[in-house]
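Chains Y and F, in that order, are what the protein sequence lines are. Take the first sequence: its letter number 185 is residue 185 in UniProt numbering, and every next letter is one higher. Take the second sequence: its letter number 535 is residue 535 in UniProt numbering, and every next letter is one higher.
In short, the hints are calculated from the structure, not lab data. There's no promise every hint is true.
[Unchecked claim] One side of the interface only, derived from the structure: several residues of chain F facing chain Y at Cβ under 8 Å: (1) Leu-640; (2) Gly-648; (3) Gly-802.
[Unchecked claim] Label pairs and their computed distance ranges (CB to CB): (4) Y:Leu-133 with F:Phe-595: 45 to 51 Å; (5) F:Ala-359 with Y:Pro-310: 50 to 56 Å; (6) Y:Arg-229 with F:Asp-336: 21 to 27 Å; (7) F:Ile-612 with Y:Gly-162: 53 to 59 Å; (8) Y:Ile-327 with F:Val-75: 34 to 40 Å; (9) F:Gln-74 with Y:Ile-327: 37 to 43 Å; (10) Y:Gly-307 with F:Ala-82: 57 to 63 Å; (11) F:Asp-667 with Y:Arg-229: 55 to 61 Å; (12) F:Thr-181 with Y:Leu-125: 57 to 63 Å.
Here a beta-carbon is modelled for each residue, glycine too, at the ideal position from N, C-alpha and C.
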Amino acid sequence: MPATAADPSPIAGPSAVTGGIGGLLRSGRASRGLVTILGATILLFLVSLVAQPDSLSRSSLQGMLPFAAVLAVIALGQTLVVQQAGIDLSVPGTVSLAVVLVTHVPDGDSGKLLPAVLLALLAGLLAGLLNGLVVSRLGMPAIVTSLGTNALLYAVVLGVSGGSPTSTTDAMRTIATGALLGLPHAVWFAALLTAGTGFLVKRSVAGRRFEAVGDNPVAAGLAGLRVKRHQLAAYVWASLLYTVAGILLAGIVTTPSAFQGDSQLLPSVAAVVLGGTSLLGGKGSAVASVVAALFLSQLNQLVLTLGVNPATGNIVQALALAAGVAIYTIDWPAVRARLRRGRPRSAVA
Amino acid sequence: MPATTRTTTPALSLAGVTKTYGAVRALTDVSLDVLPGRVHALLGENGAGKSTLMGVASGSVQPDHGDISVDGEQVPVLTADAATRLGIAIVHQHPAVLPDMTVAENIRVAVPAGRMSTGGSTRAWMADLLRTVGSTVRLHDRVDGLGVAQKQLLEVAKAVALEPKVLILDEPTAPLGADQTEMLFEQVRKATARGCAVVYITHRMAEVRRIADEVTVLRDGSVRGTSRVADIDDDALLRMIIGRELAAAFPAKHPPSDDAPEVLDVTGLSGEGFHDASMSVRRGEIVGLAGIVGNGQSEFLRALAGLVRSTGRITLDGRPIAGRALVDATAYMPADRHAEALMTTMSVRENAAVSALPALATAGVVDRVRERAAVDEEVRRLAVKTASIDTDVMALSGGNQQKVVLARALLAGPKILLADEPTQGVDVGARAEIYQIMRDVAASGVPVVVVSSDAKELEGLCDRVVVFSRGHVVGELDGDEVTEENITSTVVGAVTLRRQESGPAAESGGGSRLRRLAKGDYAPSVVLALVILALGAYTFAHNTRYLAPFNVSSVLALLSALAFISMGQTVVIMTGGIDLSLGPLAGLLVVIASFFLVDGATAGTIVLALVIMIVVAAASGLLNGVLVRYGGFTSVAATLTLYIGLQGVSLLLRPFQAGFISTGITDLITATTGSVPLAFIAAVVVAVGLELALRLTPWGRGLRAVGSHEDSARRLGVKVNRAHVLAYVVAGLLTFLGALLLMAQIGVGDATQGVSYTLSSITAVVLGGASLLGGRGSFIGTLLGAALIQQVLNATTFLDLGQSWQYFFQGFLILVAAAVYTQARLRSRRAT
Chain Y
1 MPATAADPSP IAGPSAVTGG IGGLLRSGRA SRGLVTILGA TILLFLVSLV AQPDSLSRSS
61 LQGMLPFAAV LAVIALGQTL VVQQAGIDLS VPGTVSLAVV LVTHVPDGDS GKLLPAVLLA
121 LLAGLLAGLL NGLVVSRLGM PAIVTSLGTN ALLYAVVLGV SGGSPTSTTD AMRTIATGAL
181 LGLPHAVWFA ALLTAGTGFL VKRSVAGRRF EAVGDNPVAA GLAGLRVKRH QLAAYVWASL
241 LYTVAGILLA GIVTTPSAFQ GDSQLLPSVA AVVLGGTSLL GGKGSAVASV VAALFLSQLN
301 QLVLTLGVNP ATGNIVQALA LAAGVAIYTI DWPAVRARLR RGRPRSAVA
Chain F
1 MPATTRTTTP ALSLAGVTKT YGAVRALTDV SLDVLPGRVH ALLGENGAGK STLMGVASGS
61 VQPDHGDISV DGEQVPVLTA DAATRLGIAI VHQHPAVLPD MTVAENIRVA VPAGRMSTGG
121 STRAWMADLL RTVGSTVRLH DRVDGLGVAQ KQLLEVAKAV ALEPKVLILD EPTAPLGADQ
181 TEMLFEQVRK ATARGCAVVY ITHRMAEVRR IADEVTVLRD GSVRGTSRVA DIDDDALLRM
241 IIGRELAAAF PAKHPPSDDA PEVLDVTGLS GEGFHDASMS VRRGEIVGLA GIVGNGQSEF
301 LRALAGLVRS TGRITLDGRP IAGRALVDAT AYMPADRHAE ALMTTMSVRE NAAVSALPAL
361 ATAGVVDRVR ERAAVDEEVR RLAVKTASID TDVMALSGGN QQKVVLARAL LAGPKILLAD
421 EPTQGVDVGA RAEIYQIMRD VAASGVPVVV VSSDAKELEG LCDRVVVFSR GHVVGELDGD
481 EVTEENITST VVGAVTLRRQ ESGPAAESGG GSRLRRLAKG DYAPSVVLAL VILALGAYTF
541 AHNTRYLAPF NVSSVLALLS ALAFISMGQT VVIMTGGIDL SLGPLAGLLV VIASFFLVDG
601 ATAGTIVLAL VIMIVVAAAS GLLNGVLVRY GGFTSVAATL TLYIGLQGVS LLLRPFQAGF
661 ISTGITDLIT ATTGSVPLAF IAAVVVAVGL ELALRLTPWG RGLRAVGSHE DSARRLGVKV
721 NRAHVLAYVV AGLLTFLGAL LLMAQIGVGD ATQGVSYTLS SITAVVLGGA SLLGGRGSFI
781 GTLLGAALIQ QVLNATTFLD LGQSWQYFFQ GFLILVAAAV YTQARLRSRR AT
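Please build the complete structure, drawing on both the sequences and the hints.
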């Protein structure tokens, strides 16, 4: 049988598919995560207004906002770590250490507050360096590293405090809970840090490269970027943010416990996920995480003021989280196709 | 050509197969018949669609359209599993081996047990099998440490062992030496003698002549012709493969004038994979680096870019340069576009600009207007086909993606451009454009160095070609000498000298038993056992009450609860996932028990309670598994969701401590024999049982296979989704056992207990030496890890150390253990 040479015309390079909504949003400078969580938060406040106006009363908001601000600052840090495909379990230790340092060191003496704050920041820096160096240089998984670091931090927390709480200083209380233009100082702190971090990540050379490293560290390295340095920066910057959050917390709570940071870990990860930052790393939105922190805090507040069992809050949170992840990660067209074909295919995690 | 016109029914028949990936058409209406007892060669360039077509034939790729028939019977949906059952075996170009498992285990996963137990011992059978394909590895070697050739031979052995009706070989000889190739051909002849139909994929015409009966040529995803090998000459084949006259595809060369200045000069450069290599590049030139893949040319190119360590001398524009300065002065384009070049979730603009950002910024802040203008201009200049520069880069075709990578390199304003296989997986049209761009770049004063395994490409593109073999420069061709024949003969001439990869036996040398133990899954267990003994001895020396029966008994009881939950965690971590919800699940199960297992509970109530607990545990695992495998959740996201949800349910059911567990039941659970709790014995028995199951049963091998290399496991026919989901369910059930012990210890329904077990269980698993990347771990190790955690908590009180020290030791242990294990693994990988 002779050879049958078929049509010799080469296939032209297929014309590019449009970026769709993703492209539109990108050029409009807002991520899909931010749009989604903003919508959900506005919806939540509307529901609160209808279902339980008390949850939006002045006193209720004054009670909720400082805690929301603290969670927001922590979520900001967690976002940076998640952008490098990590997860930071040392949040509780870092926050608690900051709390005990700014309460136990001054022991009620406002004059000793400044050195205590500096000491806390130094401790945060060291914790971040430990996490960052071990992860970036030794190639250890972030989840294990930060788990170990967290235990070491708690060793220091207990060494400093003996496990007992101490009342906060007056100066710290004023700094954290005083109000400017009707908003608690803590909220202003959070807003400033969010704006600063968001600007750095999205607009600076270092931040843009930071996101590229998180997306594909191998490619980033081969493109000439300093991968380890960017990874280290994520952990250090995050740890300093947790420390600031801890310091604020020490002013908001009159007699903060030595384990004050424990309750912050899961909400911080939840906020990052709800904000649409992929746990696989890459692009993320600091602002979206912060809005998600506000969302979670208001959700708690609503449940609280409704007077139902507080545990309902957990369940609602879990449902919100599941819905949030599902919106971002499920490949809906594929699901529809799969249902039509009735044949399961492996999901892309 | 329809099958009915044949006298013999084709063993494998593909008809009208079409497959698209996003915007890229990989296969268009491809038909292929393979007859029993014949070797059918599939010829084509890189990216012609050969591997995709064979993926379709072996069930790992699902076509958009087209029919597949085996032995004349149409198969509606061909999965990897079904393909194996129908007698189709494939040797992948990238071996589908499981790196974390041994050679023997890799064979066991691939070959049904029935086929191996033909009298005599299975191990002898496997050793025999390896000998027939020319492999020198040992059965207990971990595949991770094998070289490419040995992995390839293992892959061949697995396929041959199945005595398939259809054997597909995808470029099998690429990493093999001459003797090994000869043995492979021998196996192919044996197979056809048995009546097996062989599909032989290659891009070497010489091999087609040697072994094939029929040949089909693919180009750009379509069949360009089919013929008997004897009826067609090389020129005709070549025309079908490349499709157009050579000259048309390449731009005219502009060889630099003799007085063109030298831009780059390399003297005696050595590094991993290349040795004492020297070359120079002049302004205006395109220099090619030729050689068979894996002969050091790619590594050499990376060294030129300053991306890997090297010794020797590099001068750029007459000045010595090294380190960071070299990285900044050069631009490098990797061969593997998806894995090594693109930021896959980012846009064209973000990908293109990333290297050039400092030049587009003022005071460290990126100037958006300048950035857009620069990227826009570059994208237009390179004729990148994209809707806008804000389009996702993954929406582009391969050729246009490569142009984006090229744009990134050029925007950085390099002094020299270094490209590794720049046209791999790029369609013909875009390929010609890329050649033109490179020529323009060279003409503009930035010399280009190209690594390519395609001699035709080097002939058409390069002014000068440097040939690599075994990491050495073995020849240089200049001007008119740069022809495909010259390049190939220099390469081939050197190939005869190519050292055959030796088996690992030669590498490890003496003391290999100890080394093997140190690299094995049980090294962490041995270390842990020693640490436990040492800590025990030290504590006992300080305080003899430490070994009092009461204390021993209570420590063993406490560690048993943690051990069960940690074993559950081990199952999930073995798949490469993590289960954060196990702690709250344990807590919820205790809370549930506190409603039923109170004083006066009847036997019926007790059974009911146990059933409810088991159902809840299994359902929680199932939900995790489904979210992870079918919902696109990462394991952290899924199990975190359940963590919060389960905790909420617990608090809802028991806002306050209440519901005392009947002492009759707790006494039963905490019963001891001597000072050893029965629960501890149960934990040991379960750990040993699971350990054996992990090593010896299909479930265990499937679990490790999935965690070790999911894609390989799928191609081997392991039911990947099922293995993952089952892992979460088993984790839930083991947590149920742990919860029973926890319930007896707490004695009351308390929603806040249990939560801490999540982190403790992860700690125990890490101490036990499991890899969080999956594929490796041991239940014995986890048991010992749980023991060490509990021992540290207990010993600190006997040593009069405060709670602070408990935390310190835990943190210290986990960091040190993880660091030691990670480094040990990296070293063993690097050693080979």
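Hint check results:
| no. | hint | verdict |
| --- | --- | --- |
| 1 | Leu-640 | holds (6 Å) |
| 2 | Gly-648 | holds (3 Å) |
| 3 | Gly-802 | holds (7 Å) |
| 4 | Y:Leu-133 with F:Phe-595: 45 to 51 Å | holds (49 Å) |
| 5 | F:Ala-359 with Y:Pro-310: 50 to 56 Å | holds (55 Å) |
| 6 | Y:Arg-229 with F:Asp-336: 21 to 27 Å | holds (24 Å) |
| 7 | F:Ile-612 with Y:Gly-162: 53 to 59 Å | violated (42 Å) |
| 8 | Y:Ile-327 with F:Val-75: 34 to 40 Å | holds (38 Å) |
| 9 | F:Gln-74 with Y:Ile-327: 37 to 43 Å | holds (41 Å) |
| 10 | Y:Gly-307 with F:Ala-82: 57 to 63 Å | holds (58 Å) |
| 11 | F:Asp-667 with Y:Arg-229: 55 to 61 Å | holds (59 Å) |
| 12 | F:Thr-181 with Y:Leu-125: 57 to 63 Å | holds (58 Å) |
In the structure shown, a violation is registered for the earlier hint numbered 7 alone.
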